[in-house]
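K.L.:
Residue numbers (this note's numbering), protein chains in the order written: chain A, 11 to 345; chain B, 11 to 345.
Simulated from the structure, these hints should not be mistaken for laboratory data. Any given hint might turn out to be false.
As the list claims (entries may be wrong) - As a list, the in silico BS3-like pairs of lysine-lysine whose alpha-carbon atoms are at most 25 Å apart: (1) B:Lys289 / A:Lys266; (2) B:Lys192 / A:Lys192; (3) B:Lys166 / A:Lys192.
Number of protein chains: 2
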Amino acid sequence: MLKIDAHTHIIPKKLPNWSDKFGYGDFIYLQHHKKGFAKMMRGNQFFREIKENCWDADIRLEEYKQFHTNVQVVCTIPVMFSYWAKPLDCLDVSKFLNDHIAELVKTYPKQYIGLGTVPMQDAEVAIQELERCREIGLVGIQIGSNINDENLNEEKFFPVFEACEKLGMAVLVHPWNMMGQKNMQRYWLPWLVGMPAETTRAICSFIFGGIFERLPNLRVNFAHAGGSFLPTIGRIQHGFDCRPDLVAIDNPVPPKNYIGKFWVDSITHDPMMLEYVMKMQGSAKITLGSDYPFPLGDLEIGKFIEDMNLPKEDIENIFYRSTLTWLNLNEKDFK
Amino acid sequence: MLKIDAHTHIIPKKLPNWSDKFGYGDFIYLQHHKKGFAKMMRGNQFFREIKENCWDADIRLEEYKQFHTNVQVVCTIPVMFSYWAKPLDCLDVSKFLNDHIAELVKTYPKQYIGLGTVPMQDAEVAIQELERCREIGLVGIQIGSNINDENLNEEKFFPVFEACEKLGMAVLVHPWNMMGQKNMQRYWLPWLVGMPAETTRAICSFIFGGIFERLPNLRVNFAHAGGSFLPTIGRIQHGFDCRPDLVAIDNPVPPKNYIGKFWVDSITHDPMMLEYVMKMQGSAKITLGSDYPFPLGDLEIGKFIEDMNLPKEDIENIFYRSTLTWLNLNEKDFK
Numbered sequence: 011m012l013k014i015d016a017h018t019h020i021i022p023k024k025l026p027n028w029s030d031k032f033g034y035g036d037f038i039y040l041q042h043h044k045k046g047f048a049k050m051m052r053g054n055q056f057f058r059e060i061k062e063n064c065w066d067a068d069i070r071l072e073e074y075k076q077f078h079t080n081v082q083v084v085c086t087i088p089v090m091f092s093y094w095a096k097p098l099d100c101l102d103v104s105k106f107l108n109d110h111i112a113e114l115v116k117t118y119p120k121q122y123i124g125l126g127t128v129p130m131q132d133a134e135v136a137i138q139e140l141e142r143c144r145e146i147g148l149v150g151i152q153i154g155s156n157i158n159d160e161n162l163n164e165e166k167f168f169p170v171f172e173a174c175e176k177l178g179m180a181v182l183v184h185p186w187n188m189m190g191q192k193n194m195q196r197y198w199l200p201w202l203v204g205m206p207a208e209t210t211r212a213i214c215s216f217i218f219g220g221i222f223e224r225l226p227n228l229r230v231n232f233a234h235a236g237g238s239f240l241p242t243i244g245r246i247q248h249g250f251d252c253r254p255d256l257v258a259i260d261n262p263v264p265p266k267n268y269i270g271k272f273w274v275d276s277i278t279h280d281p282m283m284l285e286y287v288m289k290m291q292g293s294a295k296i297t298l299g300s301d302y303p304f305p306l307g308d309l310e311i312g313k314f315i316e317d318m319n320l321p322k323e324d325i326e327n328i329f330y331r332s333t334l335t336w337l338n339l340n341e342k343d344f345k
Numbered sequence: 011m012l013k014i015d016a017h018t019h020i021i022p023k024k025l026p027n028w029s030d031k032f033g034y035g036d037f038i039y040l041q042h043h044k045k046g047f048a049k050m051m052r053g054n055q056f057f058r059e060i061k062e063n064c065w066d067a068d069i070r071l072e073e074y075k076q077f078h079t080n081v082q083v084v085c086t087i088p089v090m091f092s093y094w095a096k097p098l099d100c101l102d103v104s105k106f107l108n109d110h111i112a113e114l115v116k117t118y119p120k121q122y123i124g125l126g127t128v129p130m131q132d133a134e135v136a137i138q139e140l141e142r143c144r145e146i147g148l149v150g151i152q153i154g155s156n157i158n159d160e161n162l163n164e165e166k167f168f169p170v171f172e173a174c175e176k177l178g179m180a181v182l183v184h185p186w187n188m189m190g191q192k193n194m195q196r197y198w199l200p201w202l203v204g205m206p207a208e209t210t211r212a213i214c215s216f217i218f219g220g221i222f223e224r225l226p227n228l229r230v231n232f233a234h235a236g237g238s239f240l241p242t243i244g245r246i247q248h249g250f251d252c253r254p255d256l257v258a259i260d261n262p263v264p265p266k267n268y269i270g271k272f273w274v275d276s277i278t279h280d281p282m283m284l285e286y287v288m289k290m291q292g293s294a295k296i297t298l299g300s301d302y303p304f305p306l307g308d309l310e311i312g313k314f315i316e317d318m319n320l321p322k323e324d325i326e327n328i329f330y331r332s333t334l335t336w337l338n339l340n341e342k343d344f345k
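From just these sequences and the hints, can you work out the full model?
P.N.:
Next comes the structure, spelled out in structure tokens:
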């Protein structure tokens with residue numbers, strides 16, 4: 011069976027020294043301090059150690075074999091977004107990352123599918139790069155759950171989503187720049203608590219800001235099973251019902267009506283929660299995801315789903331059909 | 011059947027002008043601007059309009075009759091915590107609120123159960139008031155999900171929890187001072203997204219900080235079904251497993267081991283989510299809750315649970331037994 015991992019991250023092995031080039035800012039660079047590993051540095055600050063499966067296409071394919079997974083949807087690592095930089099400098103960074111992914115997709119057309127990154131801090135520049143992404147063979151973009159602390163419903167971001175719909179480019183929303191992170195560094199809480207909240211905030215912004223309503227053909231996937239959105243939909247819907255003066259101010263359609271209209275990935279790390287998401291959302295709107303190659307990801311690429319003894323149709327939906335419909339691609343192109 | 015609502019809020023009809031008394035700070039006061047209503051003011055800022063069911067004991071009992079609910083566990087409104095104030099001034103505020111609840115419990119011993127509030131910003135003062143709370147007939151305290159942005163695992167708060175265990179005082183953890191609230195005011199997101207994240211942060215702080223481990227007899231209940239903790243336990247457990255160097259630094263026991271050791275209330279607004287919580291946690295650790303009298307609460311006091319056709323034992327657990335064990339009380343005292 012075709013198995014497509016819809017949520018993985020990749021980065022070029024070598025990055026330019028953008029801080030030197032632009033003369034400001036803590037752009038990310040890589041220190042290849044030992045064989046097979048690199049340190050991601052943000053200015054002089056150590057951000058994270060990564061392994062060669064973060065940049066080596068062949069090692070990735072090799073690691074995926076043991077989980078019978080043929081295809082990877084790749085996008086950059088959220089810390090690379092550089093939304094805080096000057097728009098044209100972020101464009102420069104984005105182009106470098108997007109060209110790398112485009113090259114990969116060209117080399118391995120049946121193994122890799124690419125999503126780009128665009129300077130969301132400037133819609134005009136973002137759309138310019140979005141169009142170029144499409145031309146070089148990427149099928150969508152990954153964006154953050156907020157843009158420099160601003161919510162995705164802000165009108166200034168709307169033209170980018172409008173262009174995505176018009177160009178048929180899919181969107182993956184990934185949590186980053188997590189709420190509350192300054193006050194809960196201990197125990198990795200920005201990743202464990204902040205990230206699911208971020209994704210919830212992003213889905214609420216899409217719904218209450220009327221983005222889904224105004225762009226019915228926009229195809230959006232939310233990371234980590236949509237964060238806490240689906241499990242807290244009772245509270246969110248009740249909030250909409252009891253205080254429409256606060257919640258229904260930009261869109262009169264109830265939040266529950268949007269369930270099943272967007273995609274979420276399967277990263278719950280828990281069969282019981284995945285069952286809940288399936289009951290809510292239907293398997294046709296759940297894409298296999300892993301967050302590979304990071305340790306917090308599902309690095310057995312959906313093995314727990316195989317162990318759930320789901321009906322064949324659900325397995326096929328989750329393992330490839332949902333991703334193909336999200337990205338508007340055909341099964342035959344990967345056989 | 012006995013039916014106890016374990017999560018409701020109450021406030022005295024008249025509050026002193028603490029800002030005038032202490033000469034600083036935006037303490038809450040009430041403006042009774044029209045019959046049956048009051049404005050909660052924080053300094054000159056309007057915070058929230060409340061109705062007389064927020065302070066009138068008889069109206070509350072009357073409203074509860076239609077939902078066949080005999081008993082209410084009452085505590086203050088989180089905005090009254092005043093953790094930001096000087097400890098002795100907060101003590102003054104706490105005493106006023108606690109005396110009001112103690113008086114209520116004395117007048118209606120079969121209808122009201124009381125939880126106090128204590129100055130968490132100073133453990134010594136907090137414990138002094140905790141002891142007094144016990145003497146005046148309160149059975150526990152309500153605390154915030156963070157104390158002035160600091161997490162509950164901070165060592166300086168531990169003596170308060172230790173004293174709670176020693177004195178047999180229960181704890182209700184309520185979300186407040188929500189992460190990310192500054193950047194997501196629109197659409198009521200601090201309440202819809204921030205609150206479930208706050209409660210998750212609090213449970214993680216109790217677990218990873220080793221509070222449950224060090225105080226096995228401490229009885230703690232978390233509001234709103236524990237926020238997003240139970241639905242995201244897969245991610246939290248996986249984070250603990252894959253990065254113990256970040257997560258297991260203060261307590262080597264896996265987070266899943268604590269499921270069923272604390273209580274959560276039933277406020278999911280959704281039968282499917284409550285089923286999930288029951289499967290995780292067991293009905294013996296789920297207390298009926300409403301967040302009455304606020305609109306975001308379950309103001310039908312668990313009617314959706316009655317409609318779920320649960321086995322009698324589960325209904326009895328949720329409707330009164332779990333609350334009695336959490337608070338160490340006896341059924342016969344309310345008959």
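K.L.:
Now, for every hint given, state plainly whether the structure supports it.
P.N.:
Hint check:
1. B:Lys289 / A:Lys266: At roughly 24 Å apart (the allowed maximum being 25 Å), lysine 266 of chain A and lysine 289 of chain B satisfy the hint.
2. B:Lys192 / A:Lys192: 14 Å, holds
3. B:Lys166 / A:Lys192: At roughly 19 Å apart (the allowed maximum being 25 Å), lysine 192 of chain A and lysine 166 of chain B satisfy the hint.
When the structure is compared with the earlier hints, no violation turns up for any of them.
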